[in-house]
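Residue numbers (the numbering used here), protein chains in the order written: chain A, 1 to 163; chain B, 1 to 429.
Derived by calculation from the structure, the hints in this document are not laboratory data.
Fair warning: there could be bad hints in the mix.
Unchecked claim - Calculated cross-link-like contacts (lysine to aspartate or glutamate; reagent style EDC-like; alpha-carbon spacing at most 16 Å):
{"#": "1", "chain 1": "A", "residue 1": "135", "chain 2": "B", "residue 2": "133"}
{"#": "2", "chain 1": "A", "residue 1": "135", "chain 2": "B", "residue 2": "186"}
{"#": "3", "chain 1": "B", "residue 1": "207", "chain 2": "B", "residue 2": "186"}
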Amino acid sequence: MSTSLQTVTDIVAAPGAGQAALLQALLAVQDASPENYVSEEAVNEIAHLLGISRSRVYSTASFYSVISLKPRGRHIVRICINAPCENAGKQAVLAALEQELGVGLGGTTPDGRFTLEGVSCLGACYMSPAIKIDKQLYGDLTAEAAVAVIRRYREEENIGHTA
Amino acid sequence: MGTQLDNAKSVFRLGLFREFPTLMHYRDFGGYQALAKALLGSPGAVIGEIGAAGLRGRGGAAFPAAAKLQMVRDNPPGERYVICNADEGEPGTFKDRFIMTHIPFQLLEGMTIAAYAVAAAQGFIYIRHEYPEAQETMRRAIAAARAAGLLGSDILGSGFSFDIEIFSGAGSYLCGEETALLSSIEGKKGRPRLKPPYPTQSGLWGKPTLINNVETLANIPPIVGRGADWYRALGTADSHGTKLISLSGDVASRGLYEVPFGTTFREIIDNYGGGIKQGRLKAVNIGGASGVVVPPWELDCPLEYSACSQRGITIGSGAVFVMDDSRSILENVRNRVDFFLHESCGKCTPCREGLRQAGRIIHNLLDGAATLADIDNLERYTRTMQNAAFCGLGQAAGNSLSSSLKYFRGEYEALCRDRDQAAPKEATA
Ligand code: SF4
Ligand code: FES
């Protein structure tokens, strides 16, 4: 938590930040949170630092679909749900992801590793169907390829833990 | 990626910038010469050149770029802002992402020239959250431009100062609407505001603000550098220059293509996209989710503002999404209605309720639970949305509904329980 509060302070203190800082502060706090969300504590801190009401912060936070007020997994798996990806086989990829992760859209795996979400066009329709895991884009996916990607994330994390 | 325009006839020269875009590379190919030229002349000369080139906004509204620059310039002296709208949310569109990740300096140069023209000292690039790689590349490009004296104070020793900051969106399609985008930067919900006043007079923090799409701004350096005459020679008498087309769907080669105005949609699909991948062409969606769905016989229409508007085709962001004959029109329309339903801010009734009703009818149709009377109702809701919605989102949401009802009514009727009572089909086209 202290790292993300530091981030809030930095953003608010940035030259020329002013009120424009609210949405950027929310995003940075969320990015810095291992659970990918903006906690109540962080909302209070942002409100305090920007000198605005908590309800203002909540109202902005709840409007934007990227901002989560509830804890999520360490990795956010986003699958594009728009027509070009839909036509290119999104349904099969989604079904495979749901099965592999054991959760539906909006769900977080019990081990807290992954949250699965639907997202609008990733600007990757030249390689539909596409998904994004955190900041990394994967295109031209099949059900098998999508599962392989998830398994690679799991393996890498496991290696990281034992090392 | 398929056909490339000759560099001499290209605004974007995408073939030159395949690798990681460095400032040195960009300058080696003439980058920043336009800015140097602009700074030696007057702001009025810049606006004059852009006006002579006939550049129109590439975000969808096609508003004359020089007129907008002039409106911002004409305000009483004081603070002004330049905002680059990089909230490319129109499904099926990836041109702005491409510009940012491949030719970021051309965008920065264009913004800087625009800022000089309107006397702005601060700029923002509003990049959607879904494009972290574009945010990253643009951040690095801004740092490199600053270090080289191409951004910041006293640019190229001209006395003109201008700096740019990146602002990240947070997953709202509606923020692509310019007044919603302003609210978003100001830290509010990204809801549209009533116009007038227009942002050109009262924009960010109430100050005059120039808001342009990525592609529009990236057009400026070649226009100023190579001149209006060169630029006008690229397109047709009606529409000058080139357009970036995001081609997706059932074609052999999906991808981003720079296409001179005047090229027909059929040529885009066949010559650039290598034709249909398999089966036969059934329908093409032009302009993304807010665009239209047209049948093959409309594809001889040239990519040109007047020709397209005469036929009710919205060029929009330049998304061309191709469907072969294995695709269901209704499934695709459902996908769009669901999309808009999700993105609608709920502020006005025609959009909020119209979409809810439209969604219900389309889902019923696909479940075999609708009647012919529902199609008539759907048409009514569509018209109301197009005419009475508060902002562009609601108005545009009706486009794929109305165009699909116009061209593919038979597919709607075939799904009705009482389809036998449909009026005998007259030959269309
Ligand atoms: S048209 Fe839709 S998105 Fe626009 S203001 Fe009305 S409800 Fe909101
Ligand atoms: S529609 Fe899925 S990436 Fe564009």
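* Ascending list of hint numbers which this structure does not respect -> Failing hint: just 2.
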